[in-house]
Amino acid sequence: MLLRRTGTREPPVATIAGMPLTTWRLTALGIGLVVLAVIPFVMKNFYIFQITLAIIYAIAILGLNLLTGFNGQFSLGHSAFYAIGAYTAAIMMDGFDIHYAWTLPAAAIVCFIFGFLFGLPALRLEGVYLALATFALAIAIPQMLKSSAVEHWTGGVQGITIIKPDAPFGLPLNSDQWLYLFTIIVAVVMYVCGDNLVKSRTGRALIAIRDHPIAASAMGIDVALYKSLTFGVSALYTGVAGALGAIAISFVAPDSFTFSLAIALFVGLVVGGTGSIPGTFFGGLFVLFVPNIAEQFSKGLAGAVYGIILLLVIYLMPTGAAGLVRLISSRLVQQGRAGG
Amino acid sequence: MELFAHQILAGLATGGIYACMALAVVMIYQAIDHLNFAQGEMAMFSTFIAWQLIQWGIPYWLAFGATIVISFAAGVVIERVVLRPVHDAPVLSHVVAFIALLAILNSAAGFIWDYTIKSFPSPFGGGAFLGQGLMSKHDAGMIGMTLAMLVLLYLFFRHTRIGLAMRAAAANPESARLAGIRVGWMTALGWGMAAAIGSVAGMLIAPVVFLEPNMMLSILLYGFAGAVVGGLTSPGGAVIGGFAVGIIENLAGTYIPVVGREMKLSIALCIIVAVLCVKPSGLFGRPVVTRV
Chain A
1 MLLRRTGTRE PPVATIAGMP LTTWRLTALG IGLVVLAVIP FVMKNFYIFQ ITLAIIYAIA
61 ILGLNLLTGF NGQFSLGHSA FYAIGAYTAA IMMDGFDIHY AWTLPAAAIV CFIFGFLFGL
121 PALRLEGVYL ALATFALAIA IPQMLKSSAV EHWTGGVQGI TIIKPDAPFG LPLNSDQWLY
181 LFTIIVAVVM YVCGDNLVKS RTGRALIAIR DHPIAASAMG IDVALYKSLT FGVSALYTGV
241 AGALGAIAIS FVAPDSFTFS LAIALFVGLV VGGTGSIPGT FFGGLFVLFV PNIAEQFSKG
301 LAGAVYGIIL LLVIYLMPTG AAGLVRLISS RLVQQGRAGG
Chain B
1 MELFAHQILA GLATGGIYAC MALAVVMIYQ AIDHLNFAQG EMAMFSTFIA WQLIQWGIPY
61 WLAFGATIVI SFAAGVVIER VVLRPVHDAP VLSHVVAFIA LLAILNSAAG FIWDYTIKSF
121 PSPFGGGAFL GQGLMSKHDA GMIGMTLAML VLLYLFFRHT RIGLAMRAAA ANPESARLAG
181 IRVGWMTALG WGMAAAIGSV AGMLIAPVVF LEPNMMLSIL LYGFAGAVVG GLTSPGGAVI
241 GGFAVGIIEN LAGTYIPVVG REMKLSIALC IIVAVLCVKP SGLFGRPVVT RV
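Chains A and B supply the protein sequences, listed in that same order.
Position 294 (the first sequence) corresponds to 294 in my numbering; numbering is contiguous.
Position 23 (the second sequence) corresponds to 23 in my numbering; numbering is contiguous.
The set of hints was computed from the structure by calculation and includes no laboratory data.
No farther apart than 16 Å at their CA atoms in a straight line, the calculated lysine to aspartate or glutamate pairs in the EDC-like style are these:
| hint | chain 1 | residue 1 | chain 2 | residue 2 |
| --- | --- | --- | --- | --- |
| 1 | A | 299 | B | 114 |
| 2 | A | 164 | A | 97 |
| 3 | B | 118 | B | 212 |
| 4 | A | 146 | A | 255 |
| 5 | A | 164 | A | 94 |
| 6 | B | 279 | A | 126 |
Modelling step: build the complete structure from the supplied sequences, incorporating the hints.
In structure tokens:
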């Protein structure tokens, strides 16, 4: 098949309305970034805060996506890494008076080590067994944070209250606006790194392991090493999100990091689209806003409304928001070809 | 030594609950090939139906039978209405559908029957069966019922045509369809049976933990754990796994000093993970062999 294309004819570029797909993608990205940049100056503080949280969730979901979407390992325990990141930041700020910006790399390193070490035994487990192991982690972490052995550091059930940072350099921003911008900057860095990782040689190795582990190892990929490394990187992303979350909410307590957080991240991943990087952003928004919307419909039946919304989303977009976008754009491309 | 024996007995009693749930978990795993997170809430909802029937003055065993029939029908309906449309979606989307189902059932039960704790009658009476407060008659009855269900399931799966068809449909849908098995209906039947077994589990568990919409959350965790330790492919293994989890949990709470009551769950789960690292397909499960 490949040999036939040796002539000078280029494969046709996929276009919608005369514009190549890559241009469409760049335009969408540009518009998205402009909208994100404008938000803090036109919205109320409460909404700015909520969108900050949604972006933080999106980073955590990106971490989960690297593991599940690109490497095919299933995790129900990412609330644990989120908690470790959050507590790293809180303990550093509260106990050692360290500037909040330095807590992020620290949380990243701590979570990477935790994730990597957890990834080692998890190597032997697959599918539901891995789900159970990570699930055990999600259950165990809040209980460990409460235990008397570490109470001096973690503050036990009470948790730790930290001070919300103000804008530096005398910028004319309130703390919500500054935190929003700070989160956006971190998010952009994390997304660019994530995108590069996935498109690199390493990223192709991850995808190969997901699609066919035996073939991947036959091609010389060190499956065990890459799998544990992915666990580490995935935990790193989620841990940075956790640290950001702790700074934004300026409070950490064991009961904020229960299994329901792990479920929320997982739902965000699937709704956004597994294996899609822009999809995680949609996942973050979904995780934050849909439960609130469900509650506005009916207080008593909030859970049922949430469940029904979730089912409808799965019916309408079985492969997530990213899958829907992909489907629509490929239809449009085909229409364009048929028409012109 | 006496303390040890007592803890084993108490572990067996709580293990009976987990074994019951583990059996329902394995049942649906056999039919649909993944874990159903809504299993606990389905059992809880069935138990509320039984409670409502008993409140209306229907005798216990009649209500018991009626609940099993209703749950079976409801399980089939759930499969046809909720899961059939996402049949071709990726596995992860199925898991999200289970989570949605969990949220709906939990919230609906709370809305209909509210969140106050209700007591549920036991058919076996509440007296002591062995020792003082170690194993009640109800615990013994529950263990007996679980073992009876296990035997019935074994006979059903090994010695009836429809049981064989169900196993075939779960193990290899394409080949099963070529052999003339209606795979879709087998899956629906599996859901019905899982719901029915879950309802029995719920009705047996409810006298111990009391009836309320969140009663099943932690029990389902232990049920999963038991099922996975025993091996998801083996109903008998799941029951043994359930008992093992109950015993481990009790022993860890008694003998490991820092653990105490609060950390029991984490310890039990950690031990399970350790077991899985040594034997990834569970103690009694068959390792999955795939052709490359």
